[in-house]
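K.L.:
Residue numbers (my numbering), protein chains in the order written: chain A, 1 to 740; chain B, 1 to 224.
I should point out that these hints are in silico values taken from the structure, not numbers from a laboratory.
Every residue, glycine too, gets a C-beta built ideally from N, C-alpha and C.
Treat each hint with caution, since some may be false.
A partial selection of chain A residues facing chain B, derived with a Cβ cut-off under 7 Å [what the hints assert, rightly or not]:
id: 1; residue: 155
id: 2; residue: 159
id: 3; residue: 160
id: 4; residue: 162
id: 5; residue: 247
id: 6; residue: 251
id: 7; residue: 338
id: 8; residue: 419
id: 9; residue: 420
id: 10; residue: 424
id: 11; residue: 425
id: 12; residue: 427
A few chain B residues that don't get close to chain A, going by computed Cβ distances all over 10 Å [what the hints assert, rightly or not]:
id: 13; residue: 63
id: 14; residue: 131
id: 15; residue: 157
id: 16; residue: 166
id: 17; residue: 175
Below, each chain spelled out in residue letters.
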Amino acid sequence: MATAERQRADLAQALALGLSEEEYRRICALHGREPNLLELGVYSLLWSEHCAYKHSRRLLALLPTEGPNLVAGVGENAGVVDLGGGVFCAFKVESHNHPTAVEPFEGAATGVGGILRDIVAVGAKPIAVLDLLRFGGTDSSRTRHLLDGTVQGIAHYGNSVGVPTVGGELYFHPGYEQNCLVNVLAVGLIEERPAGTSAARGVGNYLYLLGARTGRDGIGGASILASAALGEDEESKRPSVQVSDPFEGNKLIDCLAELQSKGLLVAMQDLGAAGLSSACAEMAAKGGVGLSIELDRVPLREQLAPFEIMLSESQERFAAIVEPQNAAAVEAICSRHEVSAARLGEVIEEPFLVIRHCGEAVGELPVSALVDGAPRYRLKVTPRQVPPPEGELPSGSAERLLLQLLSWPNIASRAPVFGQYDWLVQGRTVVGPASGDAALLALPDGRGLAVTLDGPGAIAAEDPRGGALATVLEAAANLACRGARPLGLTNNLNFGDPDDPAVAWELAESVRGLAEGCRALGIPVVGGNVSLYNASPAGGIPPTPVVGMVGLAQRARPLAPGFAKEGLTVALFGPFAPTLRGSELEAVVGRRLPGRLQLPALPRAREAVEAVAQLVGEGRCLAHDISRGGLLVALALCACRGGVGATLSFDGLAELAGGLAEGEEGWWTVAFGEGPVGFVVWAQRAELEALSCFGPLWELGSTGGEALVVEGEKIPGWLRFAVSIEDLRRAYAALHSLIS
Amino acid sequence: MRFGVVRFPGSCDEHDTARALAQFGEVRLLWHTDRNLEGLDGVVLPGGFSYGDYLRPGAIARFAPVMEAVADAANQGMPVLGICNGFQVLCEAGLLPGALLINVSRRFQCAEVELVVENRNLPFTKACRARITLAAKHQSGRYYLPPERLAELERQRRVVFRYASGEAFNGSVGGVAAVANERGNVVGMMPHPEHSLGLGGRSADGLLIFRSLVSALEGKGGNG
Chain A
1 MATAERQRAD LAQALALGLS EEEYRRICAL HGREPNLLEL GVYSLLWSEH CAYKHSRRLL
61 ALLPTEGPNL VAGVGENAGV VDLGGGVFCA FKVESHNHPT AVEPFEGAAT GVGGILRDIV
121 AVGAKPIAVL DLLRFGGTDS SRTRHLLDGT VQGIAHYGNS VGVPTVGGEL YFHPGYEQNC
181 LVNVLAVGLI EERPAGTSAA RGVGNYLYLL GARTGRDGIG GASILASAAL GEDEESKRPS
241 VQVSDPFEGN KLIDCLAELQ SKGLLVAMQD LGAAGLSSAC AEMAAKGGVG LSIELDRVPL
301 REQLAPFEIM LSESQERFAA IVEPQNAAAV EAICSRHEVS AARLGEVIEE PFLVIRHCGE
361 AVGELPVSAL VDGAPRYRLK VTPRQVPPPE GELPSGSAER LLLQLLSWPN IASRAPVFGQ
421 YDWLVQGRTV VGPASGDAAL LALPDGRGLA VTLDGPGAIA AEDPRGGALA TVLEAAANLA
481 CRGARPLGLT NNLNFGDPDD PAVAWELAES VRGLAEGCRA LGIPVVGGNV SLYNASPAGG
541 IPPTPVVGMV GLAQRARPLA PGFAKEGLTV ALFGPFAPTL RGSELEAVVG RRLPGRLQLP
601 ALPRAREAVE AVAQLVGEGR CLAHDISRGG LLVALALCAC RGGVGATLSF DGLAELAGGL
661 AEGEEGWWTV AFGEGPVGFV VWAQRAELEA LSCFGPLWEL GSTGGEALVV EGEKIPGWLR
721 FAVSIEDLRR AYAALHSLIS
Chain B
1 MRFGVVRFPG SCDEHDTARA LAQFGEVRLL WHTDRNLEGL DGVVLPGGFS YGDYLRPGAI
61 ARFAPVMEAV ADAANQGMPV LGICNGFQVL CEAGLLPGAL LINVSRRFQC AEVELVVENR
121 NLPFTKACRA RITLAAKHQS GRYYLPPERL AELERQRRVV FRYASGEAFN GSVGGVAAVA
181 NERGNVVGMM PHPEHSLGLG GRSADGLLIF RSLVSALEGK GGNG
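Next comes chain B alone, as it looks inside the complex (with noise of 0.2 Å):
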């Protein structure tokens, strides 16, 4: 199993990202410039400030070459995976719906929350129970979609992650946390399962969204 991480300007999580994945197979750090992601099962776009968040979170970065390639490869079914501004970035760049607005108390957040799996049959998720703890730490991570367009995503069950009650500290619309493209396989979260491993006792969460991952593509290939 092969892992891409990619790395832009300014990316602050893609080394703990690559160390979490590193448990379940081998990674490779892409730099922002890469185009081949040939020899990946799958690609993660990790947490930070990329472009420092200049503009928009996501918004410089969504133009950087290894995007294009990241769209070719979601568009052909590869699971690519975007945490917190990683999710930032794919909705910039158009491979997931709405956007993520600066916190409703304008300040940066870090705090574990705890997240209702809504859907639980996507290579992210198979593995969940019905209630996950995950670390989230942002500041600009309040979902928005207009109405319509959220009933729509409810109805296809594209909603993935929703903050338990009283969580959603950003103040996101219906208490998104995660949401998925119409296929399934491009996913964008704001919590961090990279740093919900279990260290000084914390949740261990984290690795269901990665052991999650790791059987869709075994079974995918025929080994699970």
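Next comes chain A alone, as it looks inside the complex (with noise of 0.2 Å):
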């Protein structure tokens, strides 16, 4: 064996590694000496900055993380959440942005994997996936390359493992074209089984590693990839990207189902980010005990170097904590699902972590060092200059900026996407991925699971709180179209440079949002993610915090996907106050428009969230939340999925208009402007009165014919129109020449 795991590291491996030298003292001083280098190469895995949550572990403690549903929460693998009736759901998001920016399809493919196996290891089994996706502009070879490499990457791996994928996002913005955004949501039910837990306990419990095979792949991945900006030399990067293999992932999933519902296991916990040193540091930390490690027990797929096996990150490997008595049952379980299974260690008293190679020791860890020992750092904070409120209005008519919208690439129809994702496997999916708004999986007993991903638009990067704010709200009116209502919400923070005062402010003000949001709603927080350092020479990534939520539905009623039968009344409904500033009509016209995001007294914004839950919940109107587009979107694509069009006076709306803006601005921000809280109702008439107690209601028309229409008497030209249904889908089909 080389001698380098005796020899004492200095800091310059400690700087060549990551850490600043301040780390390296501080490393020193926990540890009590200077560590070896594989022991210095454990800690710069585990203080990096994606697994220690240096710059935003202060921040984070600002979110509500209590709620009457709440089973588990921040801390643990995934958060749980009580759905009645011995039913339990687990949820988070993850994020894989930077392996999916230096090699798209395993880097995709892997983010499906990692989340997954989070989900398991809560004792969930996982029934649903849904990614939110990010790229730079769609003229740009680079985004085709990155967003082909990635929907094949989520294909293979979610497909191959029989999890469906029901829903997501994907938004095309020049400020992503050197850092993409991967984030994966995973949805688990836990039925007639407790869930799991990852404490390693019972001092002699042996300590196994399960699944597939160390390689060298994604050694470093964590502080290499996940931690720093990318620079040029993005090709010297590759070999920290891990390489997926779902048909590993399958076996160990149902091996570990298995294992799970007999009892087996004391703990378990999948190997991530900085694999077997994170998981066996988390297990140990989490239990107030250490484990003895015996390097040369771990399946190899090639040579490796002590350092290299404690720090790889290959794919489709749990660890276990399982007692003696249970041993040789767990072993003959994993054989007949032709998962290995090998014995490492075993759980010690003392809190460390004792690493022996070929009969020596080649480390030894403090574990509360090593996962609580990373500094917390305050960020510097310098607000951004809030741009004025002023802009040019849009010139032409509405029928030619409605036709242009649905075919702009952040609108039109994802259908080229997700038809390459099996969205039926597992026979749950009762509204797929097709019909906007959020999916609804059907439970058991009949009633609905509803998921969705939001992040939030253009206008973010002007009103990061208020930005983050309305993604939660929009989560939130997602999940209503369903008839549900929201259990919890798991976070991704994508951000760029934290160093940067003005990215820092970005972060904490988006953190705030999310938790005003949370408390108007009256949801925890189970759990998230951060990615920083989502930047490149070129600059950072506008602030996108991502927001999955959850929520549960009486029942899974089939909803029809926008206007499918005649004669229904159409009406606008909620506390709705959209803004031109930041919406896709800027992006399209390809100017600043005016106005500043406005958002409605939250109290408000609850009631007609709920009241919408409640009416489609019981089966008496159907609703669509408004997002990017607007109303005028909302409306076309209600007419586009369902196939019948509807005749809508807006004649209703001049005190709406005139409330949000005089004279012509006011219509422009109603027919294009975007905020949170505003829905397209449709219904019996007598059906949609109901909802005027519990918010603002405007009555439009009534569905029919083939066309929309929009008319009044109050209303400028260019906003009259007739539009067939056939020119809506033709302009809204327009992803197809991206795509394929």
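Build the complex from these two chains, which are given one at a time in their own frames, with help from the hints.
P.N.:
Written out as structure tokens, the structure is:
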């Protein structure tokens, strides 16, 4: 064996591993001596931004983490909420941005695999995946390359592992040109078995490594890729990207389900960022114990040095703690599933990771220093200047702009992407990815689980707090359109370089917005992920707080996707206060439009969202959340998806328009402005009247015919139009040319 | 009525298939190492990615111990249905003619497709209408057989389902979506009846396939 493990590591080596001088000194102090190279390598990963949340931990304390249905929350592998009736739902979102920017296929595939293992680690069966994808401009060849590889990577893993991909978001903006985003939300169910824990307990119990063999892939992924900005040498970082094997993942998931349901595991933990090091440190820390680890027992794919074994991020692996009397049963079940099970060591009393190789001690690490020793930095915050609300109004007809918006990449039909995913497997998908809003899954007892994953629009760059809050409200509105009330939220904070005070301000403001949104809805944050350093020499990404939300509907009703019947009354509902600033129309016309984000009073917003959830849940009305593109786009999508037109008078909206802005600007804002908590609702007229007790309701007209018609005596000429469903659908299908 | 559903490592749709069949009878999940099919009236090979589709879809699964038993039972006339990956396995095992190549798009595709039922006298199609709609989802579903052999298959009425005009997204030769063996008791199909049971207001035509099987078995047993 090389003497590297026995040699003391010096400051230069610490700096090369991405630690700062201060951090190196702190490690020496907590460690009690200068660490050797293996030990320093383990510290460098566990103290990386990705694992230790050095820049975000203080802020995250602002988020509400308590709630009536919460079973397991922040700090666990995934959050768990009680659905009642003995059924629990586990969910968590996680990013794989940096690996995807370097190698999109494997980056996205292992992003799906990694978050699925987090769900399995709490004892849940994964039942759905949603992905939020953000890329640069659609005319760039880099975007096409990344989009194509990412979609194929998600399809490769999700389809092969037998978990449906039921929704998500696809969004293009030049700010993501160098740093794309891949955030994956996984959802699982726990039925008829206890939730799993990752706390190692019981001195003398065995430590097992289950699953794939360990290779050199992904070494340093957490520190090299996920905790630094991407530079010119992306190519050289490719070996830090992990390689997926969904077949191995599929076997492992089935095997763990059987082990868990038979009560054979004391604890389990997936191997993600920082591989064996992180998994062992986490399990030991949670249980207040230590672990002995014999590295020569780790099944290897190729010959590796001890520090490589400790740091490898090879996929499809789990660590488990097993009582000695259950070892034979565990090994038999693993063998039946053709899953390798290697006994690496055992639980020890002293809270240390004691690492041995070929009979020699190669590392001894205090668990608390690894898990809780990393510094927590205070952010230096400088607000960005808020631009003035002035801007120039667009010109032209509403009809032309509507068709342009429908074919705009951020709005056009995602069918060419979703068509590559299996969204049917497991037989629960009542409403799939094609209908916008949230997906709806059937629970065994006939109730519905609605799930959504949302990110902010361009407005977040000007108003990160408002943008984050609007995203929380939008997620809840999406659930309401499926008749569901929210139970909890998981978030993924995607930002640039936190050492830039303006980025630090965006991060701090966004966390405040998320916290306000959660409090307004009365739901907890059950866990999440922070992805910083999404930056390149060209600059950082726009602030992107992403929200995953699950909600419960009393019945999993099949819901018509849009206007599917003639003669129904159509109305606009909710405390809707849209703005043109940051809207998709602004991107389409290519210049700043007037306005500023206005948020509804939060109690009013909650009341409106709950009213929609109630009525849709009772089968009394259907609803679609007004989102990108604003009211006209929302109406057009209802006609496109359902196949029936509508004739609508906007005269009743004169007061709303006048309240938003004076004259023409008010009408432009009503037609194309964006903002949270506005719904298009349609039903028999008497049913809609019930809504007026819970918020402002404007009746617009009724469904019928083969065109979308907007008319009125009091509205400007450019806003009157009639456009056939056929023309709307042709515009809406524009993305086909980008993807196939 | 007792049905077996085979589970290979990497299968994905075995539980969905079992749930669908459970509406019509008892279901036993068979492990890929099982060799005993005693007491079963029919066997289904489900969809998924057996053995990770390594080498070729179905190429490794055909060597699983359970496949010997399935081949024996098929030769004795037991109804055997292969869905998606199950179809690929049956072709690799030589129980059905032809091969399933990667889609012309080279991508996984998921869509509802309209099918023309070409032979309504088989144990899996007796209850079918002339046209049915089923979900299809696969990456390697492009059926291929050399032209002269396909012509023979057509003459023998062994093309069971054909994609309706414009629906064959995978590029199958002759639009073939399902084929039968000579005796008609072994059928492989790419579309998924177990995912077309009416959930979410989508097609419920998958039930017709399972209902056909049940009435064929009842007829055989003299209870029909």
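K.L.:
Please list, smallest to largest, the hint numbers that this structure does not respect.
P.N.:
Every hint satisfied by this model.
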